[in-house]
Structure formats: C-alpha cells, structure tokens
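*Asks:* Position chains B, C and D with the ligands against the provided structure of chain A, taking the given hints into account.
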Amino acid sequence: MRARVFVTLKPSVFDPQGTTVGEALHTLGYQRVTDVRQGKYFELEIDAPSADDARRIAAEAADRLLANPVIESYRIEIDAAAGAPR
Amino acid sequence: MRARVFVTLKPSVFDPQGTTVGEALHTLGYQRVTDVRQGKYFELEIDAPSADDARRIAAEAADRLLANPVIESYRIEIDAAAGAPR
Amino acid sequence: MTPDPVLLERHGLTTDEYQRIVDALGREPSLTELGIFSVMWSEHCSYKSSRVHLRTLPTTGPRVLQGPGENAGAVDIGDGLAAVFKIESHNHPSFIEPYQGAATGVGGIIRDIFTMGARPVALLNSLRFGPLDDPLVRRTMAGVVSGIAGYGNSIGIPTVGGEIGFDDSYTGNPLVNVFCLGVARADEIIKGVASGAGNPVYYVGAKTGRDGIHGATMASAEFDDKLAEKRPAVQVGDPFMEKLLLEACLEVMRTDALVGIQDMGAAGLTCSTCEMGSRGGAGVEIDVSLVPQRETGMTPYEIMLSESQERMLLVVKKGREAEVERIFEKWDLHAVHIGDVTTDGRLRVKNHGEVVAEIPNQALTDDAPVYRRPMAEPEYLAGARQLSLAALGAPAAPAQVLKRLLASPEIASKRWVYTQYDHMVRTNTLVVPGMGAGVIRVKGTSKALALSVDCNARFVYLDPFLGAQHAVAEAARNVACAGGLPIGATNCLNFGNPQRPEIMWQFARAVEGMGAACQALDIPITGGNVSLYNETDGRGVLPTPVLGVVGLLEDAARVVRRAFRAAGDAVVLLGRTRAELGGSGYLNVEHDLVRGVPPALDLAQERRLQALLVELASAGLVSSAHDCAEGGLAVALAECCFDSGFGVETGISPADGLDTEASAAGFGDIAALFSESASRALISTPEHEVQAVLARAAAAGVPAAVVGRVGGDRIRIAVAGRIVIDESRAALEEIWSTAIERFFERRRAIA
Amino acid sequence: MKFAVVVFPGSNCDHDAYHAAKHVLGQDASLIWHKDTSLGGADAVILPGGFAHGDYLRTGAIARFSPIMAEVTEFAAAGGPVLGICNGFQVLLEAGLLEGAMLRNRSLHFRCEHVHVRVEQSDTPFTLLCQPGQTLRMPIAHGEGNYYAPPDVIARLEVNRQVVFRYSSADGEVTDSVNPNGSVNSIAGICNQSRNVVGLMPHPERACELALGSDDGLVMFESAVAAVTNGGFSKAMDLATEGALRK
Ligand SMILES: Nc1ncnc2c1ncn2[C@@H]1O[C@H](COP(=O)(O)OP(=O)(O)O)[C@@H](O)[C@H]1O
Ligand SMILES: [Mg+2]
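Residue numbers (the working numbering), protein chains in the order written: chain A, 1 to 86; chain B, 87 to 172; chain C, 173 to 923; chain D, 924 to 1170.
No lab work stands behind these hints, which were simulated from the structure alone.
Treat the hints with care, since some could be wrong.
No farther apart than 27 Å at their CA atoms in a straight line, the calculated lysine-lysine pairs in the DSS-like style are these [unchecked claim]:
#1 502(C) with 958(D)
#2 10(A) with 379(C)
#3 945(D) with 502(C)
#4 925(D) with 502(C)
#5 379(C) with 958(D)
#6 945(D) with 615(C)
#7 363(C) with 522(C)
#8 40(A) with 379(C)
#9 925(D) with 615(C)
#10 96(B) with 40(A)
Derived DEER-like restraints, expressed as beta-carbon distance ranges [what the hints assert, rightly or not]:
#11 461(C) with 163(B): 31 to 39 Å
#12 774(C) with 1056(D): 56 to 64 Å
#13 711(C) with 11(A): 34 to 42 Å
#14 112(B) with 913(C): 19 to 27 Å
#15 47(A) with 142(B): 37 to 45 Å
#16 11(A) with 188(C): 37 to 45 Å
#17 65(A) with 1108(D): 31 to 39 Å
Using N, Cα and C, we set each Cβ at its ideal position, and we do this for glycine too.
Next up, chain A with everything else stripped away, as it sits in the complex (with noise of 0.2 Å):
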C-alpha cells in the first residue's frame, strides 16, 4: 500500500524557496503564476493490512519525523492500488 505524505509550510510561516522559484517563474514570462509554495513530498511504501491501517502508520510517522510540526502541517493520502516494494 503506497501512503502520499505532503508536507507544508504552515500558511504564515515565511517560504523563502518557494518565493525565490515563484520569482524565477515571473523572470521566465510566466507572470500568471501568482505564488508559489514549496513543500516536501513523500511516498511511503507500507505494509499494512488496511488503508485505515496504513494511514496511521504515515500519520504517526509524519508527526515523529517527516513534518516540523513547529512550522509545517502536513496531509496524507492513500493509494491502496500502488505500491509494489520498488
């Protein structure tokens, strides 16, 4: 079972990357792009029994190691299809 991790920058905290690529974007003509934020994207393979199941698990590791919960959130998702072991 493949878990998507999404991890973000809080909405107030300040992005530096994503400010510096969304200004890069505008050097390069693409002025419709009107912000840009940056965040972290894991695919975790999961070996778990049930969705439910598997959605712990990431939770769980999402709030010990893959997010900051000082300055990031983050959002999970569940592919139950996905993922055999790469």
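*Replies:* Structure of chains B, C and D with the ligands alone, referenced to chain A:
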C-alpha cells in the same frame, strides 16, 4: 486555480534522503514501512481561465524549471476550487 | 486607570512600568504604543537587569574605534583598517526550532557587522547542549549545526572556529551564541543614526510577515509548559536574501549617499526607528502602510513588532535617492521610502496618514527602566566548593582516564560539526577549525586575525568571579597560542532568571570578574549581548559568560597551529602545574561531579605567558603551540599529536601542592596529568631553538621546562620518571576523532 | 590573458577565483555580472562556487536562465575554455553544457575538507600541465556533489575519456572509502565532448597558496594560461601531448 506539482526522483535514481528517512523510521520501530522516496511538492496559484490552461502552464513550468529531467519526473494535479491568492 | 492585567502580562510589563509609560506619554498608550514599549523595555532590548553591571566593564583603549552602543564594536588593526565584531545569542529560538533558530541567529549577527560598513569575513559559534545520549538533544544539536551551516555556507562567510559544551542544565535550554567578525576601513565605519530633517527613511529586504511577533519578549521569558502557545513565532531565514542585502548595502555604503543604517533584528521596525532617531538626536516618522507586507490584513501593531528576518532600515541623503534605489535594483531588491527624519526626537508611526503611535525616543531608549535587582549568594555554592579527592576512592588507571576524557564529547574532536561548515570560503583561513584559534589573513596587508570563543561554565558555576576570569584568560590564551596579540573582546552572558537573587549574584560576580580580567590583560570589551531567563522549570543553566577574543598577528606567515610539526622537536611546557582538579573535566567525566574550587588564576602571570607566546611566535621560534585547558596536560599532549602523524615521549613533574590525604589515596598521577591549572601552554620547537626559547621564557618570568620530544607512534607520558601512559597515538586519535560522530551515525551505516 | 569570472546572485567564491587568477597568477581578470550580455573579450570563463539564487529549488537550476549564460554557451560552442567550480559545475549541468546531475551527498551533510582527486585526463585546457594519474589535494565544500548520470551516459563519458577527475587517496587509489559524497564512479569532475568545458566539485581556487594548506589547484589555472597563450587550445594540446608544456 491551484496546480499541485509533485516532483520525484526517477525510480532508477538512488534517493539518499528517502533512504535515510526510511532507516530512521525503522529505528523508530516502523518496520512495516518498506520503502521511502522523497520528492518535492509545489503549490502554484495560477490565474488561468480553465483547468486545462492551468495545467499547460504548470507543465511548462515543470519542464523548464521545477524538475530536472535527468533525474526527476513530475505529476500535476489541478484543483480548480482551491486557491484564492494569499 | 488600571490597565488590564492580562494585557500587561502578555506584554511582559509590570504595573509600575505601565505607570512610567503613562507618565512618559502624559496619557494612556494605544495598543500599538503599548506593544512598542513592551518590546523596547523587554530585557532583550533594554538590558534593564544587566545595565548597571555592564557599565563597569573596561571598554576603552587606544585601539578602540567603537565601543558598546552601536551594532558592533570596532578596533584599529593598522593599515587604515578596523576589525568589527560582536557575539549574539539565539538560545530560545534555537530550542523551539533548532535549524531556523540557529540559522536566523547567524543571519542576525552578520547584519550587525555589515551594518557597520564592514565586510563580514569570519564566523564562530559557542554552543551548549544537554548530554548526547538523549535522542532529543541529538536532534537539537544536529538541527543547530545544520542551521548554522545552512546559513553561513550559503552566504559565503567561513565558520572558522567555536566551542561546544555539554551539561544536563542545557537539555531544555540549549545555548547558541554566534560571533561574527568583519573588516572595514577605519575611517568609513558607518553608524546606526538618523539625522538631517527631511532625509528619507528607506526599508529594504524581505517583506514583513507575522514572524516572531513577541520574539523579543519571548527571548526574555523562561521556558515552561505554556511553550506551545508561543510557537507560531518561528522565523525562517533566507540566506539568499541576506547575501543580496549584504552586497547591495556594502555597495551603497561606498557611495556617500547614506546617513545611517540599521538592521531590523529583535523588535524589528520599532527598535531600528527609535534607536536610529535616538542616536542621531532626531525623530523618525514612518507610515506602516508603505511597508512591504507578505501577509494580508496586518495591523500597525503587527508591522511594528514583526521580526521578519533580512530587513534593513536606511536613512539616505535627500536628493541621492535615485542613486541608492538603482543599486538595490541591480540586486533585485526594492528599496521603499517609508518615512522621513524629523527634528522632534519622536517616533511617529502613521497608518495611511493617520497617527497610530507617537512616543519620544528618549522614553523608549535612554529612559527605559533600569533595575538594580536584589542579589544573594546561591546556597549550593558552599557545598559544591567542598571537594575531597580521597573520598572518591582509588582513581582508575591514567591511561583509562585519558581514553575516557578523549571520548567525552566536550573534549573529543568537533570534526563532525565543523566539516559541515564551509570554513575555507573567501580563501583567508590560515588556521582551520580544530587546529586552535581560527586565524584568517587580511588580504592586502601582511596581517592576520586570530579568533576564539571560550567559557568553562563549570568554573563559573563554582566561582562566577574567578570562572569568568578564566573565560577571558582562556580565550585570550588561545589567540596568543596562534601568535595573536589580544586586542579586543566581546561577550555573550547566558544566565538564568535575573529576578532570582542567586542568579543575579552569579551575573554580577561574573561581570566583575570579567571586567577585572580584561583590565589586567588589557583587552577592552567593545560590545556584547545578554541572554537571561535561560531556565527550564525554574532551573537555570550553568552560568555561561562566553568570551570572544580577537588577536592581531602582524605577520600572517608567523601563524602557529596546535599540532606538532616535526619529529625531534622539543616539547616545552610553559607555566606550572598545581594540584587543581576542582571543576575539572576529570571530575566531570570520571565522577560525574561539578565540585571544588576552580584553579587559581594569577592575571599578571597570565599576561606574561600570553606576551611570551606572541613574542615566540613572531620570532618564529615555535613549531606548534596549544594551551592546556580541559583535561589538563595529558589531554593537551595528546591533542598536540593528533593531526600531526607523530607520537610523543614525555616526562612531567608531579603537581605542586597535592594534599597528603589525596596523595595517599593515589591521586598523585591524576593530579599531574589532569589538573587544569591556568596559564600553561605546550609548545614545540626545533632542538636548536630550545635555549633561545628557555632564555626568553626566563626573561619574561614564565616557568618553562623541556618535557619531551616529538616522534614515534606512541603517546608516552612519565610522571617523575615512571611511565604512566603508553598508548598508540593512532588508537587514541581514533577515539578522539570519532567520539561525537558515533553518537550521530551509530545507527546509520555509511552507505 | 584574461579570465572572466561570472557573478550570479548568491555566488560566493567569485572573489576567490578572481583573487587566484589576478593576484596569485598575475593574469588579467574581471568579474562579470550575470545580467551582462558580454564576456568582455575574455579568453577563459569561470563559473564560480557559491549558492546562486540560494540553491533554492535545485543547485544551479535558476542560474542557468541568467542572461550571461547565452554568452557562455556561445563562447563554449566556439571552443573557449570554460571552468565550472562547485556551484559553477552545477550550473553547467543544469544548463546542459555538461551531462549529468547532482544529488544530495549520501551522508546528507554538507562537507568541507581537503580531499584528493586523481587527474584522469590531461587533454583539457584546465589539466594541460598535469601528469595523467597525478593527484591533487584540494578542498571540497558542498552538500550536493553526488554526481549522477544514467548508466548509458556514464558509459559514454568513460569511453570518451570525459571523466577528468576522480576522488582518490593521496596516492591515487580510487576506493569507496575516499568518495566523499557517493558520486557514481567516484567522479569529481568531467568535461564535454569537445573537452573545452570542464566542471568539478573541488575548489582549485582555494588551493593556490601553501598558506591555505595546498597549492595543488594552481596547475589548473596555469593550464588555462598555457592553453590560451600557446596559440589556442588545440595547438596547446598538441604541444602538451608532445610533453613540451609540462612543468
Ligand atoms: N562549534 C564549533 N564550530 C567550529 N569549530 C569548533 C566548534 N567547536 C569546537 N571547534 C574547534 O575545535 C577545536 C577545539 O575546541 P576546544 O575544545 O574549545 O579547544 P580549545 O579552546 O582548548 O582550543 C578548536 O579549534 C575549535 O575552533
Ligand atoms: Mg575552548
């Protein structure tokens, strides 16, 4: 309109960050997480008339800047509902 | 009127202080004004508990170009140049978010330096953590180190040295002190002044967000279980923005279009506007609606108190605006005209033209409260100073003790840390971290600057007066070992809650000791920083007054490093070893004790030693030099071998003055090997120079004795003719150089 | 001869390269702002180390769009010698002037220390004066120097002798334990097919004076001078092959 761009290392490319996260999760007792891959996640606010337009712009941005085709591939999702400019 | 007590508490203000505000204004403050007062009168900005003590420090001297009061101090180094330097703490933010806290600490001190018109050329850091077997401590330390690296490496300023200590008391309150040094033309030092009515005030740099609102007051509040509530205050550093600001500001400074400049650090726009006005005897009027904002709906209160990083405030000569704006545009920065200098000595804040705050600068700065807080000798002291070695039982074999000392994180190599720092960028680094004081050459001259930060907090805990003297002496001695004549110092005073009389006593005694030592060694203090309320659940950290000392080498080619250089060189011990194990690394590592009386320090003797070290180096008589500090002579001898490829054969004398009881209990060798007597250094010198070295030492009044010879592959030490340590150099070096890394990498196979 | 050192916003070894070329080597050198559109008649171009655009997104990713890069590309296409050091190497990779990409160091840590590299090829303008197999001691300072290219590309680079430097021990042995970042085949530096564009992670400009711990990097700058002042790169190369230029 919000475009979500996920950039991941190609499967054949060694992922030092994902590997380290995976090892750390094992140390924390999550043996059932069998593999971790780490990538980047971008949220682009795009001022576009249609989802297709937004997708086209996001794909160009990814091709030219957000992803390096030598090592990375990307995927785009459009969320037409989200994203009043912050 | 009685103000809302909750409101006052949230602003860290007492009712008395509130009354002073009302008196200063002649009316009740608005909320924005209350916020402005609260940050300016916070411990962090006003130094209200420490000021009376700091006034006693020696701050003048023939080389001093700028003493305390500006963004950084400056000393003359000849050739028309000045060394500009300062140290600052970022302790509290680094506990909350280690990476960003440390990173923004680096960013802040760099801004202080280039604000003075100096190009920053070197960084050091002084760090304190809890014991490394605690995984949370490791996480904190790893985060702090990579935060320092992330910022310093990116901006391209080498981190050339530092120190790290470990103690339980820092577990919930790590210390992160960062030192930065810059070089400026002595006649082009720029100040943080606003003057000349009608001159425009510019804002440049990152946009303002709700970052760190109440950061300055947070930095002055102890940690407790309400921590979670204070969390949204975290600031994120942007080293790229700062690099642009650095280059652009230095370019602007080369024109003469600038009147004054100040960075927006703690207390942001508030502090920079009123301090610049106050220094220039002028007023500043700004309209916050013109301030570039990152978030929507920000109130004047939030804009004035925001601590968003990487922002600068400039006063430009009227008529020269376009020139300045053009330089910033070149660097893709947009300087925004947000106000003007006035003549009325007031800080006036408008929002879309409407006045929302108006306060005399004087009230915020010079008239801020000053407290002479009550002091009392701490109760622990009398007991902690009692030490009976004999009562500890028979000591372990010297070789075992040496191995455990070398493996202890405090003494072990900090390689794991400093290889993460770019310490060579700018191609000036003559002595890299790990080889003694950091030394950088000054391009365009024959000179070099040696830098060291030091504090043995256990000594300070056991005797704040003497311990602080040791901090000065050790930092200066490190610099002198490299061949640098100490010419200036800065300090960062990390203590607990000053409202507790015993903490205030520690603080006051430490400042007295520091002042006396600087006086005796003729090293003026040109600035510094105070960090109070370093406590967890009412328990203070070890009192930690960190000294940063700058030394001058007239001839960069004469620089001296820690490691032995040639087989056959004679090893000379300068100074004398007494039986002084109080507060030692030996007691800490072997017996888990912080006890006893710290080693005596004769400042006149210390000064003679340092002068001799500088003299020997500039005469080219020494191959290597290393001070004897933590772990004593045995550790120092081993360290001289490390990174040299050589072993050493030595014979040392017993320590003077060991009491008969301890002697009977078998502490003779231990005292000789591991006592931490002050004013000692180990040098190595070619055989044919030995007589010259001994003669100069005798002339200088410094005891000197040949104690051994460099060579072989063993570290062999005899005490009074009896070999007590005989170990493979390579084996000891392995222990020492990998001890810290093993804490971090033990679980990770190095793929 | 004249070196041009390109300054990107966030470059921080620009002055170091300039210092090495101008003050240590005594050659002419100038700093060229990334928004400029001329290389000012330079004979060789250096893309220096640093963190162009903060290295945000990916190292070198944004810098490759700088206006000056069009000039650099043209200069390279005309056979002009181009050296990318550390971040400059990363920019060359992103710009497609060299093949491959950089990953995070396998330790995930930034690493700054002296290492040894073995010179694999001496027929480039920056290694002309080296003996093949010679080792150079130079500092590295990077967090993303883990060189990667797909296996077919690596094979081609090896066959074409485009691997110019490999991490090695002091006596030239290439082993995994002296590979500081996990680079494929211990690759520390490569060149393009026409051999005039060279990129490497170690910093030769930091190793030009013994006072700084090594002057092994000087030979790379001296090579460039030899390449330019002996009637052009290909002529110099012939002389080098004959051994006429060796020190
Ligand atoms: N945090 C640090 N950052 C950089 N270098 C460090 C750090 N901690 C220690 N070092 C370096 O390690 C060496 C040993 O430091 P220390 O144990 O304080 O020794 P001493 O003060 O006796 O020279 C010094 O060269 C110092 O600069
Ligand atoms: Mg020290």
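*Asks:* All hints, please: hold or fail.
*Replies:* Going through the hints against the structure:
no.: 1; hint: 502(C) with 958(D); result: holds (9 Å)
no.: 2; hint: 10(A) with 379(C); result: holds (17 Å)
no.: 3; hint: 945(D) with 502(C); result: holds (25 Å)
no.: 4; hint: 925(D) with 502(C); result: holds (25 Å)
no.: 5; hint: 379(C) with 958(D); result: holds (24 Å)
no.: 6; hint: 945(D) with 615(C); result: holds (13 Å)
no.: 7; hint: 363(C) with 522(C); result: holds (26 Å)
no.: 8; hint: 40(A) with 379(C); result: holds (24 Å)
no.: 9; hint: 925(D) with 615(C); result: holds (22 Å)
no.: 10; hint: 96(B) with 40(A); result: holds (16 Å)
no.: 11; hint: 461(C) with 163(B): 31 to 39 Å; result: holds (38 Å)
no.: 12; hint: 774(C) with 1056(D): 56 to 64 Å; result: holds (58 Å)
no.: 13; hint: 711(C) with 11(A): 34 to 42 Å; result: holds (36 Å)
no.: 14; hint: 112(B) with 913(C): 19 to 27 Å; result: holds (20 Å)
no.: 15; hint: 47(A) with 142(B): 37 to 45 Å; result: holds (39 Å)
no.: 16; hint: 11(A) with 188(C): 37 to 45 Å; result: holds (39 Å)
no.: 17; hint: 65(A) with 1108(D): 31 to 39 Å; result: holds (32 Å)
Of the hints listed earlier, there is not a single one the structure fails to meet.
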